[in-house]
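Engineer: Residues per chain, in single letters:
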Amino acid sequence: MRHPGGRRVRHFSYTRAETLGHAVAALAANPQARVLAGGTNLIDLMKYDVEHPGAIVDINRLPLRDIEELPNGGLRIGALVSNSAVAYDPRVAERYPLLASAILAGASPQLRNAATTGGNLLQRTRCYYFYDPATPCNKREPGSGCGAIGGVNRIHAILGASEHCIAVHPSDMCVALAALSATVEVEGPDGRRDIPFTDFHRLPGDHPERDNTMHQGEIVTAIRLEGNHFAHHHSYLKLRDRLSYAFALISVAAALDVKDGQIVDMRVALGGVAHKPWRDTLAEAEFAGQPATRETFATVADRLLAGAQGQGDNDFKVPMAHKAIVRALSQAAAGTPQIQAEKHVR
Amino acid sequence: MLNEKNIFGFPLPRIDGPLKTTGTAPYAAEYHDPGMLFGHAFYATIASGRIVSIDTAKAEAYPGVVKVYTHKNRPDTASSDDAWKDEVAVPGHPLRPLENDRILYDGQPIALVIAESFEAARDAADLIQVAYEADEPHTNIEVEKAKSYVPPEARKEAFLPTDPRGDAEGAYEAAPFKIDAEYVQEGEHHNPMELFGTTVIRGEDGYLTVHDKTQGSQNSHDYVCGIFKLKPETVRVVNAYVGGAFGSGLRPKHQLFFAVMASLDLKRSVRVEMSRREMFYLTWRPATVQRMQVAADAEGRLMSVRHHAVQATSLYEDYQENVVNWSGLAYKCDNVKLSYELAKTTLSTPGDMRAPGAATGFLALESAIDELAYKVGMDPLEFRVKNFVTYDQNDDLKLTSKALDACYREGAKRFGWSKRSQEPGSMRDGHDLVGWGTATGVWEATLSPAEAKVRLFPDGKITVMAAASDIGTGTYTILAQIAAQNLGQTADRVSVLIGDSTMPKTAVEGGSWTAASSGSAVQAGCLEVKKTLLSLAQKMENSPLAGAEVEDLAIRDNRLVLDKNDQMGLAIADILGSNGMSSVEGHGKIAPDEEQAKEWVSYTHSAIFVEVKIDAELGVPRVTKIVSAIAAGKIINPKTARSQILGGVVMGLGMAMQEEGMIDHRTGRIMNHNLAEYHIPAHADVQDIEVIFVEEEDDKASPIGVKGLGEIGIVGVGAAVANAIFHATGTRHRHFPITIDKIMEGLPAR
Ligand SMILES: Cc1cc2nc3c(=O)[nH]c(=O)nc-3n(C[C@H](O)[C@H](O)[C@H](O)COP(=O)(O)OP(=O)(O)OC[C@H]3O[C@@H](n4cnc5c(N)ncnc54)[C@H](O)[C@@H]3O)c2cc1C
Ligand code: SF4
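Sequence lines, in order, name chains A and B. To get our numbering, take the position in the first sequence, counting from 1, and add 15. To get our numbering, take the position in the second sequence, counting from 1, and add 492.
Hints were generated in silico from the structure; no laboratory data involved. Incorrect hints may have been included.
Here are the simulated lysine-lysine pairs, DSSO-like style, with alpha carbons at most 30 Å apart [claimed, not checked]: (1) K62/A x K512/B; (2) K1131/B x K997/B; (3) K1023/B x K997/B; (4) K358/A x K564/B; (5) K639/B x K577/B; (6) K62/A x K1023/B; (7) K648/B x K1031/B; (8) K648/B x K62/A; (9) K1090/B x K1192/B; (10) K723/B x K564/B; (11) K648/B x K890/B; (12) K1081/B x K648/B; (13) K759/B x K997/B; (14) K358/A x K836/B; (15) K1081/B x K953/B; (16) K997/B x K911/B; (17) K358/A x K759/B; (18) K1081/B x K1131/B; (19) K1031/B x K1081/B; (20) K564/B x K721/B; (21) K878/B x K637/B; (22) K358/A x K1117/B; (23) K1056/B x K953/B; (24) K723/B x K358/A.
For the chain B half of the interface with chain A, some residues (derived, Cβ under 7 Å), not all of them [stated by the list, open to error]: (25) E1189; (26) M1236; (27) G1238.
Computed from a predicted structure; not experimentally measured. In this text, a Cβ means the ideal position worked out from N, Cα and C, and glycines have one as well.
Chain A extracted, bound-state conformation (with noise of 0.2 Å):
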């Protein structure tokens, strides 16, 4: 509601759900009612007054808690399972050991600790201005203009940008789910229904505002994890502007199927780049059946990043992603995987 003298007064109504068809119901009741998880990026933004919703609806009752395991080998994570509960699960660490490295190489030990699944997935963006309302941002006020175009873009994206919004999407472990070819399982409305992961989160175009291709009143409540494990040749390589507890300038999530010397299979998600976890699935396919070297992996880098463009103070990221992405999968093929504990580059 906006007050009529200007900026919106901060009253919300607070629900507890008990039951997913009961949240279900009381986020499509009302289109300003968020979902609350974790808080530890809905409330900062209320804080900042950028997030201002009518009705908050905690979802942290649900039985979103678990991991199960699936018939075909594959895990079932919870909406509402933490971050730090993930990346130390043993059978994520084990088979899927490229999403627990992409978490940890994201935030703080206290924020993993708060942070759920769902809720990392549909963080915000960390545009200086979409947090500062004084300032025009299409994201957060549709029609308001762009500040970070012209303005100070260091973290701002390379790829599939618009002239309305050059944010990135911030996650960490967004981008190894996008390279695992991860499900999103949303509940809403008019029921249940999956989301491939790369068909989630989605470019800013003419409506920076939406972020993801979910639909009023859903939900998320699981990520499914099938297929490859690629547990052997993996690797998730963050750059920063510190060794720890900052966003990725570029992140590289890097898996490889190797057979004698050639890749079988191979992914690349980018972080950092884009409004969404960065993938070209053509581009990969192009590359099966070529030698697993770091002279292929720098075409697969020129490939990838063939229609980057930099906004002025982050130009420096295209040279660095081309470098970040021959490193990661140089990393992969020789299966010996970035540890985020160290602090050095392998």
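Dock chain B with the ligands against the given chain A, drawing on the hints supplied.
Structural biologist: Below, chain B with the ligands alone, put in the same frame as chain A:
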């Protein structure tokens, strides 16, 4: 009984530590009074211009709101600039919150909402509507430096660039090796854990007790008394505990003004606290552009030094630092020319931040010296040793002590400097390029006038009183140690009462002078106590101390005795009892020795050694080892002393590699105004740091031989890091902070 654990040199843990770690040490914004009001300020969102209209009607109508203040209804205050100038004010027209319709910087407070609750005040503040007439912002130092000027009024005589000596131009031209380079350092922003906050408790008599986050209770006291024309005895300012300050709390901030103004106007207790965002609008380390022209002869003798600095200041004040004078005294050089100018910006007035001036000046000087050493082809440490100077060439003064040579030796040994190879890029560790860099630091060791009262009770308990502040440095602890040592007690018997404007006069807690100044005043107070005891004792019949002099005395087991023969003496209880007294008090006063200052000057010195490891492909930098060797007189408490140096070194790392207020120069607004995006070193960035103290015997620096440690730790660190990065990569980085992208772009081709 004298316990060795309480005397000088013992690492006594902080006596205020348990209070702080259990959350029971109250900070300024934690005091409460039933019926108290809460203020929330409203800030301008343009960098320059005028308020055309400000509509507060809706805010005033908001439930719980008591009053909204703007420039239109601000209560009367003193009119002269002098009344607004605090103890550490700078030339110009100090900011008077809500003075008029002018906007001088983005983030300037332009309204204050007072309400029955914090939430009501904050919500109502959002209902204020302002229309502005905006002027062009000017915030880019690299642009604004084109209009630099020599400040017409000096902040301090000592900050004026010293007169040129010799022929710097001629010597430069004639020298075979020279460096002419420009260094840019972005603005840094104070972010101590405790936010600025003030709680004014109004007594029934109308007297005010003001809990303020400040580095000087008496400075805040005099400031509010001056502005609001209050009788001094009607106001008491308390800053019992301060959650970090580093210079940010030297000058009073607008929340103090607001809280006192509202309390006087509404006759209620009031609290006003800032948020983290506001920390970026005040007291920042100014962005600076420095040009260094240095030259050496073939033997590596420094032949010429020219240092020109341009620093950002605000539209309304000429904040100044001593940036360049260090370049005239750090090394032996006969041809020196120093100059310092300011550039106006539409930003708030900068302010002192740990080692103001020196931290900035040494960034450029010590980078340039390193560059010159390489030009000459000398080991950078050897080059520094070669140009060692034993006196202050700027003012032709003798140094009270300078164990910097020992710092070089000890530090180099501990670091393993002799294993360094000179060639950049020549040291490797796997994928990593390894770089070793060094730098020197100097900071002034000054004494400020200080007083302290020391009271001794018959049972040996001691109370020490001074207006001094403990901004987290350990003042409580060392004052207890000093009193205990001087009066033959253990430190746990000493109660230290500081952080209160009604206590004996002390300057603001800055410039690293508190330990030396207040410490010496406490020592002087203890001497007064002994003198009084002696004269009382000598009045007693058959006094065993009849012929004694105060120098011959000691206190042991609560007896005043002859140091050489402690059988001869009297119980303190008896001395006091027979004179009908329940305690004895000594009032210590110290002031800098002006006669001595004509001949002598004191500095602290440091030698810093840094190892960086940089991924040869990606440029990921890791500072893996630092040795900081410090010469700073006598160390009273090695534990609190080491903490000061560690903190300084870490802050220096931030200055070198992370800290930077990112300004959108189109609007003049700082965009990364929170601790998620304004980066300081995280734990992972802080690896092995070793601190070495090379002790100096120096009774001229201060009566207790102490020089002060709060600031020397940061000086030189930035340059040492930059020099190490050069040694690793072969690229000189002259734009600070040196972030990963810059390092990556400067990597050697593979
Ligand atoms: C200082 C700081 C540093 C950080 N650094 C990193 C980093 O380096 N890397 C990184 O990846 N992350 C980082 N984070 C972000 C952190 O990972 C996210 O804040 C966190 O994952 C969000 O999870 P949450 O459960 O707390 O979400 P919440 O704050 O509860 O919710 C976030 C958003 O998701 C919505 N939501 C939550 N759950 C659901 C659901 N099940 N269905 C539908 N909507 C939902 C909420 O409505 C809200 O809009 C950092 C955060 C901070 C504060
Ligand atoms: S980049 Fe996007 S989020 Fe940032 S200011 Fe522009 S529109 Fe807003």
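Engineer: If you draw a straight line from the CA of K1131/B to the CA of K997/B, is it 30 Å or shorter?
Structural biologist: Holds: K1131/B and K997/B sit about 28 Å apart, inside 30 Å.
Engineer: Would you mind confirming whether the straight-line C-alpha gap from K648/B to K62/A stays at or under 30 Å?
Structural biologist: Violated, at roughly 42 Å.
Engineer: Given the hinted pair K358/A and K836/B, is their Cα-Cα distance within 30 Å?
Structural biologist: With Cα atoms ~42 Å apart, K358/A and K836/B exceed 30 Å; violated.
Engineer: Taken at face value, is the distance from the CA of K1192/B to the CA of K1090/B at most 30 Å?
Structural biologist: Measuring from Cα to Cα gives roughly 13 Å; hence the hint holds.
Engineer: When you check the alpha-carbon spacing of K1031/B and K1081/B, does it fall within 30 Å?
Structural biologist: This hinted pair holds, its Cα atoms lying about 26 Å apart.
Engineer: Check whether the Cα positions of K997/B and K911/B lie no farther apart than 30 Å.
Structural biologist: Roughly 52 Å between the alpha carbons, so the hint for K997/B and K911/B is violated.
Engineer: Given the hint that K358/A pairs with K564/B, does the C-alpha gap stay at or below 30 Å?
Structural biologist: violated, 56 Å
Engineer: For the pair we were handed, K1056/B and K953/B, check the Cα-Cα distance against 30 Å.
Structural biologist: holds, 24 Å
Engineer: Given the hinted pair K1081/B and K648/B, is their alpha-carbon gap at most 30 Å?
Structural biologist: This hinted pair holds, its Cα atoms lying about 24 Å apart.
Engineer: Compare the distance between the alpha carbons of K564/B and K721/B with 30 Å, and conclude whether the hinted pair is satisfied.
Structural biologist: holds, 21 Å
Engineer: Does K648/B pair with K1031/B here, judged by a C-alpha cut-off of 30 Å?
Structural biologist: Judged against 30 Å, a Cα distance of about 50 Å means the pair is violated.
Engineer: Quickly compare the C-alpha distance for K723/B and K358/A to 30 Å and report which way the hint goes.
Structural biologist: violated, 59 Å
Of the numbered hints given earlier, the model fails hints 4, 6, 7, 8, 14, 16, 17, 21, 24, 25 and 27; all others are met.
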